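Chemist: Sequence:
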Amino acid sequence: MNPYVLAILLSSLGLGTTLTFASSHWLLAWMGLEINTLAIIPLMAQHHHPRAVEATTKYFLTQATAAAMIMFASTTNAWITGEWDMNNMSNPLASTMIIIALALKIGLAPMHFWMPEVLQGLDLLTGLILSTWQKLAPFALIIQTAQAVDPVLLTALGVMSTLVGGWGGLNQTQLRKILAYSSIAHMGWMIIILQYAPQLTLVALGTYIFMTSAAFLTLKTSSATKINTLSMVWSKSPILTTTTALVLLSLGGLPPLTGFMPKWLILQELAKQNLPATATIMALAALLSLYFYLRLCYAMTLTISPNTINSITPWRTQTTQSSLPLTLSTTIALGLLPMTPAILMLAT
Numbered sequence: 001m002n003p004y005v006l007a008i009l010l011s012s013l014g015l016g017t018t019l020t021f022a023s024s025h026w027l028l029a030w031m032g033l034e035i036n037t038l039a040i041i042p043l044m045a046q047h048h049h050p051r052a053v054e055a056t057t058k059y060f061l062t063q064a065t066a067a068a069m070i071m072f073a074s075t076t077n078a079w080i081t082g083e084w085d086m087n088n089m090s091n092p093l094a095s096t097m098i099i100i101a102l103a104l105k106i107g108l109a110p111m112h113f114w115m116p117e118v119l120q121g122l123d124l125l126t127g128l129i130l131s132t133w134q135k136l137a138p139f140a141l142i143i144q145t146a147q148a149v150d151p152v153l154l155t156a157l158g159v160m161s162t163l164v165g166g167w168g169g170l171n172q173t174q175l176r177k178i179l180a181y182s183s184i185a186h187m188g189w190m191i192i193i194l195q196y197a198p199q200l201t202l203v204a205l206g207t208y209i210f211m212t213s214a215a216f217l218t219l220k221t222s223s224a225t226k227i228n229t230l231s232m233v234w235s236k237s238p239i240l241t242t243t244t245a246l247v248l249l250s251l252g253g254l255p256p257l258t259g260f261m262p263k264w265l266i267l268q269e270l271a272k273q274n275l276p277a278t279a280t281i282m283a284l285a286a287l288l289s290l291y292f293y294l295r296l297c298y299a300m301t302l303t304i305s306p307n308t309i310n311s312i313t314p315w316r317t318q319t320t321q322s323s324l325p326l327t328l329s330t331t332i333a334l335g336l337l338p339m340t341p342a343i344l345m346l347a348t
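Residue numbers (UniProt numbering): 1 to 348.
Read the hints as simulated data drawn from the structure, not as lab findings.
From a predicted model like this one, the values you see are computed outputs, not experimental measurements.
Be careful, since some hints might not be right.
[Said to hold, decoys possible] Straight line, CA to CA, 25 Å or less: simulated DSS-like cross-link-like pairs of lysine-lysine:
id	residue 1	residue 2
1	K177	K220
2	K58	K263
3	K272	K226
4	K177	K272
5	K226	K236
Take these sequences, add in the hints, and give me the full structure.
Modeler: Following this line, the structure appears as structure tokens:
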């Protein structure tokens, strides 16, 4: 892609998200979401592969549907209350519609069906943008409107997303689909705690972004998109294999890695709010996700690749990719747990 075009598209992505962050008026927020969607579509379709075009079309249709729902709900709210302000969502129907539309935007269960299919059709860097940056603007709106939404709806969305994210990834062999289900499960953890401690949602979102960035950048460096390709990585770059296994365990939420921090704090907060049943379901759902991360770790570190394989052998070639983003995100994804008190203090 032409570097000037790429610069315009990336700056439009930044502009759309910033516009949504800064707005308290529904029309301005809607405009930010639309700019965001339109800026990523050329990035998704840049390879002109039928799968990429199909994924782009699916993504556009779901995002357009969600944007139309947001516009309809905010217009309904303005019609009833006479205000376009986000903080004045007094109509329960409008606030419920908006949270469902935003859930469709970020891929929460049961509105998650587009997410694995779309991510599977994209290259790893565009998939990284879709899994991290594209979640920010809808999350800003969810955080602002969550207090006006029925708590039962938020809890149902959270629990269902963690369960679907765990169950869905069990049977997958494609790494991008596994990361899509992992994203759905993490979104569930963020939504479940939103009504009780919004600062923990931000902590979970921050750690999720760094862990997912580390996972995607590692796969990009090793050119891996399937599990059987992973089994050959250790002979090519053993140190990268070690850090990748640790990043996957961090995504699963094992101590003493960064991924344990948000899960631990969220379960602690749920127990404080006298919700032991919800906390138990969430902890058990995390085990489902942990299983498929362990499966990836097993394929990477404990198996020897077979002599006859269907994929092209990746030779040791000099890479032109910058290793700084991978190094930074991996370091943050592995070593942030001792910083928990400082992060909590900053968040509150």
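Chemist: Quick check: which numbered hints come out false for this structure?
Modeler: The structure conflicts with hints 2, 3, 4, although it agrees with all the remaining ones.
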